[in-house]
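K.L.:
Listed below, chain by chain, are the residues.
Protein chains: 2
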Amino acid sequence: MVWFKSMGEFDLIERCFVGKGGGPSPFTLLGIGDDASLHQLEAGMELVVSSDSSLAGVHWPVDLPLEIGADRAICSALSDLAAMGAEPLCCWLNVMAESSDAVVQMGAGATAALKRHGVELVGGDTTRALCNALSVTVAGKLPKATAMRRDQGLIDDKIWILGRVGFHRAGLQQWFDGQKEGCFMSDFHRIEPLLTAAVQLREQGVRCCMDVSDGLLQDAMHLASASSMGMEIELSLLPDWQQLVAELGEESAIHYAAYGGEDYALLFTAPASMYFDGAACIGHCSAEAGVRASLNHKTIEIEKAGYDHFK
Amino acid sequence: MVWFKSMGEFDLIERCFVGKGGGPSPFTLLGIGDDASLHQLEAGMELVVSSDSSLAGVHWPVDLPLEIGADRAICSALSDLAAMGAEPLCCWLNVMAESSDAVVQMGAGATAALKRHGVELVGGDTTRALCNALSVTVAGKLPKATAMRRDQGLIDDKIWILGRVGFHRAGLQQWFDGQKEGCFMSDFHRIEPLLTAAVQLREQGVRCCMDVSDGLLQDAMHLASASSMGMEIELSLLPDWQQLVAELGEESAIHYAAYGGEDYALLFTAPASMYFDGAACIGHCSAEAGVRASLNHKTIEIEKAGYDHFK
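Chains as they are written, first to last, in my numbering: chain A, 2 to 312; chain B, 2 to 312.
Some hints could be false.
Copies of the same chain look alike in the list, so a pair counts if it works inside one copy or between any two.
Said to hold, decoys possible - Okay, derived cross-link-like pairs now, EDC-like style, lysine to aspartate or glutamate, Cα gap no bigger than 16 Å in a straight line:
#1 Lys299 with Glu251
#2 Lys116 with Asp152
#3 Lys145 with Glu43
#4 Lys181 with Glu43
No lab work stands behind these hints, which were simulated from the structure alone. If you're wondering where the values come from, they're calculated on a predicted model, not measured in any experiment.
Modelling step: build the complete structure from the supplied sequences, incorporating the hints.
P.N.:
See below:
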């Protein structure tokens, strides 16, 4: 960890990052300023950690303000904690930037998101690079043996989704089309990790969940595969499906809802006896491996999977 | 966390990363494959975490094989754990790569380093980028309230160093000069984080330590400042100083030892009553703020500090 040295880079760090996130939290004994941060975990709790990179031009369009890109980078990382049902604790942030201005902009976006979600910034570094990017590591906690995992789905479970899918992709298309006041723009600008709702799901007893970051059907395939089962999904049951069809037509609605990423809805399964207010039941788990999607009970051919960096 | 999806990127991840590091360790309950990893910490222990990025062309020359750059990235991160006296547990690795070949090469270097140090790879992601880079987050543990910190130095403590400084910088110069069989090449190629020695220092009772990554005098200034004291350092007492002078002449030896980075020696302070076999005592802590360096008791003017990304 190289934060807090002497000059330029370090004045910048002090100005942009130190004390700017949420917190402090009792989890952290020593934050920014040493070679590493120090933490304690209460008895009976497990630690949950996720780490991901977000790059301008890859995870968001290069003409999107860097503040927004950095806010999204933090929120997508926090969504991984939500997927497990964890309460977020802190963040280590590595900023790679073309210029000191880019550091300032990404710092502002990242720390605003951390503050909004009460997450302490405890370490990381800042590096000159050929591109603007953030690597975000987040930690959270949950009571022992209660994590919502991808491998805990059971045949005959119902499939639920909390949050909309396809709307981010629709907003991205509006952005590319120059419709920067378009009706989906807020879905594109802002990720809201469903942290509070996820903790409630875990407390209600949900044990199988993931966040939909790479497209509903690709992500469902990972969940189905991890749980050694199949999934049957009816697209017309998706939250606000009719709105998506009304705005985009059925073909684009199917495409965006099934394959569009970055919505960060929570996809979870639960026994048929359970009910979840505010979530939509979109299908059921089955014994036959794989994922099958239908629209108004007519099978949709699954044409392609989500985003792949090296295809 | 987006590891383990379906195709190209994910075959690559399976081939290059899954099960390739050290471990598994009892710290990890769930590793690669879900939205986040899950961990437990024994009672009486603290968690130590550091996160840093390493970029081709910034942290290592672009013509250095990516395997070596990635190995160095892991080892420099582990050195931050050594600086605190922590026993390493696991690593989350974000790989940004220009091509799938670059992923394979950085994966090989990173996992080799993790395996050599018995550190489990538990998460991260792989992203297409305009540059080759790694963001490395590492976690370790140590008994409560025993961490070696930068702010625990005391006036009249002796200053010690374990490991050599200036040798990496000398090797980098040989690399730039095309002397790729030069006598300093092994110091340039390979970082060896002093993990075992650091745990021994902590167990001996050392409470103030840092790793020298950005140049001896710049790093000493951070330690002195954190501990609200001054430091008096005699360069001729540095390990293998005579060898450095013999190979480079006095002027370059001073410059490389005082300001060259990336050596990852451990700089620590301790009461005068303590002695450390294998380490060199290079000075003492004083009441006057700042760092003063001498060579054969003649003051050296401190001309500049170490590397700064945004100056």
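K.L.:
Provide an ascending list of the numbers of those earlier hints which the structure does not satisfy.
P.N.:
2, 4
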